[in-house]
Structures are given as structure tokens and as C-alpha cells.
Amino acid sequence: MATPENAPGKSSDNPSLDELGVGQMDLLRFATAGSVDDGKSTLIGRLLLDSKAIFEDQLEAVEATSQSKGYDYTDLALLTDGLRSEREQGITIDVAYRYFATPQRKFIIADTPGHVQYTRNMVTGASTADLGLVLVDARQGLTEQSRRHAVILSLLRVPHLVLAVNKMDLVDYDKSVYDRIHREFTAFATKLNIPDLEVIPISALNGDNVVTRSENMPWYNGSSLMHHLENVHVASDRDLMDPRLPVQYVVRPKSDQFHDYRGYAGQIAGGVLKPGDEVVVLPSGLTSTIEGIDLFDREIDEAFPPMSVTVRLTDDVDVSRGDMIARVKNAPKPSQDIDAMICWMTNEPLRPRQKLAIKHTTRTGRALIKDIQYRLDVNSLHRDQETKELGLNEIGRVQLRTTVPLLCDPYSKNRTTGSFILIDEATGVTVGAGMINSSD
Amino acid sequence: MTQSHADYRLSQLDQLEAESIHIFREVAAEFEKPVLMFSGGKDSIVMLRLAEKAFYPAKIPFPVLQVDTGYDFPEVLETRDNWVNRLGVRLIVASVEEALANGIVVDDGKTSRNRHQIGTLLHAIEENGFTAAFGGGRRDEEKARAKERVYSHRDDFGQWDPKMQRPELWSLYNGRIHGGEHMRIFPLSNWTELDIWHYLAQEKVEIPSIYFSHQRRVFKRDNMWLSESDFNPTKSGEEVVEKTVRFRTVGDLTLTGCVESEADTIEKIIEEVAIAKVTERGATRGDDRFSEAAMEDRKKEGYF
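Chains A and B are the protein sequences, given in the same order. If you count by this note's numbering, then the first sequence holds residues 1 to 440, one letter each, in order. If you count by this note's numbering, then the second sequence holds residues 1001 to 1304, one letter each, in order.
Think of the hints as simulated: they come from the structure by calculation, not from any bench. If a hint is listed, it holds; no wrong ones were tucked in.
Just the calculated beta-carbon pair ranges, DEER-fashion:
#1 E1032/B to D315/A: 29 to 37 Å
#2 I1275/B to S223/A: 22 to 30 Å
#3 S1095/B to D315/A: 45 to 53 Å
#4 D1156/B to T314/A: 44 to 52 Å
#5 E348/A to G1179/B: 21 to 29 Å
#6 R139/A to K1163/B: 31 to 39 Å
Here are the simulated EDC-like pairs of lysine to aspartate or glutamate, each with C-alpha atoms no more than 16 Å apart in a straight line:
#7 K1059/B to D260/A
#8 K413/A to D237/A
#9 K1059/B to D256/A
Simulated coverage check for chain A against chain B, where a stretch passes if three residues somewhere in it have a Cβ under 8 Å from a Cβ of chain B:
#10 101-113
#11 120-130
#12 246-260
#13 422-430
Ideal Cβ placement from N, Cα and C applies to all residues, glycine included.
Put together the whole structure using the sequences plus the hints.
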């Protein structure tokens, strides 16, 4: 066997894992929005390049392509164009995920295209993001598109937002240009739910304020983009107050050694659970006490999001997939009448009376569209109550009735227990994304 | 898993583990007949470890499928057998040689064993009626992978259509398929090569010995050091020399190159990976180097 302990010829100058550090750093997931013209791909290329997440063979391939296309400089945007059909057309069709790390943090970028299909892709990318990065061209100022991106990030309750004012080099690093965009955007953002906003003047092409503070903009006292990404505090974004465990899978070994073992496995969606806690199982309403919480072969004394654990109860109550374990005095009320914001993701419009499959946490059922209250214009925030359908890439407020009760919280309180997807029963395709406002 | 109670923080590696375990449990709960595709490489070993943790103390509730090219490294097969025996999981071996002999795949004399794996794999999935197949693919590996979903839909020909991918939001996975179709599942989507090594170091589990520095008789072909082997006769001008090497990936022995390395522990490998200048596939996988879109093409056909 070749394990780390007995690998052949182990020498004394072996670095320790702690010295190497990578395993213990924390994680930031962020979504980027902006069009090719805003320099988004160039910025991502630079972040990857400067954090050494790009390898020589990848860079050489991009240099070769840039040369063959007759460009004067290496087009960093080519690093992030994934599929051949996209490279041929010079566009991005889909959300792409990129990875880089600094000594403090690992970063996962959900890179979403800015053109057609933007809403669907941006909603997808934003759904898992801790932070949204919106790019504007300093010469253009705020556009309809940048406002739309901010609205979507706000709807998806992405807790941190960075507005990167790019191409500052093309406006002579002029403070007044930055100030004007900053002022305009801050005024607009008061209408949205954006708990944390930073506005950073950058030049992605030249690297100003990307990794290090730029000497070209001495008037700017804030952090560089990378410094902000490394230090923005995300740990407190999770709900640690309201314990929620959607049961995914019942573990029953039926072996001699674990003859009577019965554990309820799932990923903690909110709050902290401890052995000895009195809990309620939903939707049955039966109560019990947590006997133990297992993490693989170890018993732990606390479980919190996003840990995947297995919980054992003292009583032999009936618990199955789709149920939820919560606290007796802090549990969602099972409900079949749901009010939600829905982003529609397919060509055939959503209409009242339509029936769809719904997946919410680990529960699956069917949903009937009772009413489409309004369509939200993501550019003006205007609520259009005349249109009674939602087309592709449109967002609206919808009332649904479900066949199974959902064990849900408002999305504003919990992004896991407050979200669902809608599935076309004939094609099996995911056609809608829902964020729950309230339930009765 | 380490945890700090004071501020309820999980390290990024613990978060990745929790996410992957969630995916394994979701698939086991929702699919009729899942299978785990096991290559013997480090990524598929991490997958086995995560599956072990997801269902413990119960056994892994699905079998393991390996496509045997006939050109596998003996050290890899040994590790495979040790893992399968320890976990008590059922192993299904789909042999490329048998598939060739039975006419399931056709050898035109030009196609590599790696490419023949596609037909062999698809046949094994169809024959066994598997509805979900776990693969060890990571999005950091290659440009085409960066856009692939965790649940990646395959049509009834086993093909991937990048334009028809389903939106994937939050951690809500849509596993609906029609008869004859199947889903490829990538629980390691968000892991990087460095994460894999850190996890292996943390878990202290067995991996094939060829990942560690060792003496080997090798020869140079296409600018890669290939292992001397009966399967891979040297051509004129190719000279066999002894070198201190290790493998960064383990695949078909006739195509997988090794690199000169003194790294004989996982910690030293991590150091080496952290300063590496060339991707693992670009450095040592002949099958990915044929064209810039090599991976995209193979994926569309039904590759891992």
C-alpha cells in the first residue's frame, strides 16, 4: 500500500500540510456580470493570471490564437471561452465556472454572459453566489444592462455587490467620472436589497486596482478588487438561528455490527443542531430528541450549514426523504399555497392553470399556477399587471398551489429552504426558478 | 473534517466535501440504478472515499464500474482491488478487449484504446440499465468541462449536447430522464487538482504507488516519457533509459506519460503541483493533445 505514511523513501524535509495551507482556507463564490465590451473576460483572465491559476499550456494556446487572429495583444478573453462553437462565434453561451486561489481564499467564479439569455444564466450563476461583480465601462456610465444585473443580484439575495468601474485608463483616471457613476448607482441601489456595496475604479487591461492599488488613481482610498474579494466577510451571511435539516436519505445498514442503526442524512440548511435538542419532524409534526449526530465514523457535538451529516433520533418515529427536521419552537409551517418570484427559462411562456413538477429542498411534487400577479420589468422595476404570462427570461410574481405541502421559509430568510425549481413534466427540463415570498 | 465552533466556519475543503456528499445522497435517493465509474486514478479514489462517507455505516448502495483498456498499470489494478475489497462494493469490469472481440467496438487500427473506451462504456451502461453514472471530472481540468453541469444529461445515444444543458440552480438537481437516457453525475465539479491532493493527504487513503516518485524504464515519444512495456513496443530511434519519475494522471499505459520528479510523499506532490506550469492533462495525456477541442469532441460522443 502506498499511503502518505509509508510511501517509499520518505525523507525528512517533508513539508507539513499546515505549511502548505490550502485545505484550511475559506471559500468565496462570486458571480460576474457584464458584456464582452465591458471587459469582463479580460478582468477574469487577469484575476486567473495574477493568481497563477492559468498554466503555461493554456496561455500559449491563447497567445497562438491571438496571433493567428492578428491581435496586437494577448486576448485574455480567450481563456474563458469554453466551447468550440463559442470560440468560432466569439460569444459565450452558458455559465462557466472558474477557479483560483490566493493564500487566504479559494474562489469559484460563475461567469455569466451579458447578452441573450442573460437573465436565465445570471439567475443560475447568482443562485449560489456570496458576491456579485457587475462591470461598467467608465466611458458609458451606468447602462440599462448594469441596472438589470444589479436588480437580478438583489432578487437572488446575493449579499455582497461590487460595482467595478472599468476602463478608467480611457477616461484619464478621472475622479469625477468615478464619482458620478458611484453617486448614480448608490441612488439606484436604495431601491434594491443590497446589504453591502463597494464601487471600485479599475482598468482590467492594465491591471489598475485589480490586484494592487493603482498609482494612477491616488484619489481612490479603497481596496483593490482582489483585496476586497479576499477580505469580504461572508461567514455571517448564513442563517445560524433557525435549524433546518431537509432529510435526503435514510441510512439503514442492516449489518450485524450496526443492526439497529437508523440515521437521517442531509445537508444542514440553517441553524445549529446539537445532540439533546428537542426536534419536530415535518410534515407529520411528531417530536423527538436528537440522540447523536454522525459525520462519517465520528460523533460531533454541533452541526451547522453547509455540513452534510447523519442525525439519529431517540424515538422510532417515521421519517423519510422529503421530511424536515426542525426545532419544536422554531419550525416552518407546512404549506401548499405559495407566493413566489419566478424566473422563467424556456421559450413556451408560463401561463395560469399550467401544471408543472416542483422540487423544493428534497421534496418533489406538482404545482398548479393559480395566478400571475405581475411581470417585473428588471430595467425600470415597473410592475406590469396587465400581462398574464411570463416569457423566456422574464421574472414575475406568481401564486402556486402544490400537491405536497412545502416545508419552506421566505427566500429573504433562507436561500436554501426558500427556493425551488419548476420542471416540465413532459420534457423533464428545468423551466423555472422560484424564490418564495410567503406561504399560507 | 475540522470545525471551529467559535464562528461556525467550515474550511473550503470541508465545504467541498459536504457539497459532494450531498450530491451522492441525492443521486442514490432519486435514481433507480446508479453506478460509479472508477478509473483507479486519484479523482475516482476521492469519489469512492466521499461515497463511503455519504452512506456510512451502510455500504455504498451502488456498484463500481471500471473500463479495462487491457493497458492498465498493474499498480492501479492492485489499488482498485484493495479499495473494492475493503468497502465490500460490487465491481463490474467492462473490457475493451472483449468489446473489440465481440464487435461492440471496431478497431480500425488507428483509434486509441482511450477512444475505444467510449463504446465499451456506453455498452456497459446500456447493458446494465444504469440510469446515472458518477464520473470524476472536474471543471478546472479543461475548457469544455468548465461549462458542464453537475447533473449532465446524456441522450439515448449517450451523447452530450452542450446547447441543451439544463439550468442548474442552488443545490436543486433535476434528475428527470426518459427511458434509454442517462445522467452523468460529477460530484467533484468544484474541486481543483490541488484540492484533490489536499483531501488525499488529509484522509490518508491508499492511492496507486505510481503517483509517487519511483525508478522506471522509460522512453521518449511525442515529447513525453512513456513507460517501457510489452503493450508499447519501442520504435526505431526510441531509446529506453532509467529515470526517477512519477505519474500525474493514470490512464492507458501506452498514452500516459510520466514526469521526472523526486516527490515521494503527498506533501511534496502538493508542493510540486502548486508550482506546476503546465496542466496535468496537457503535460501527460497524449489523448488530449490532438486538438484544442479534443475533450469537447470526446465528451459529445459520450466520454467520461
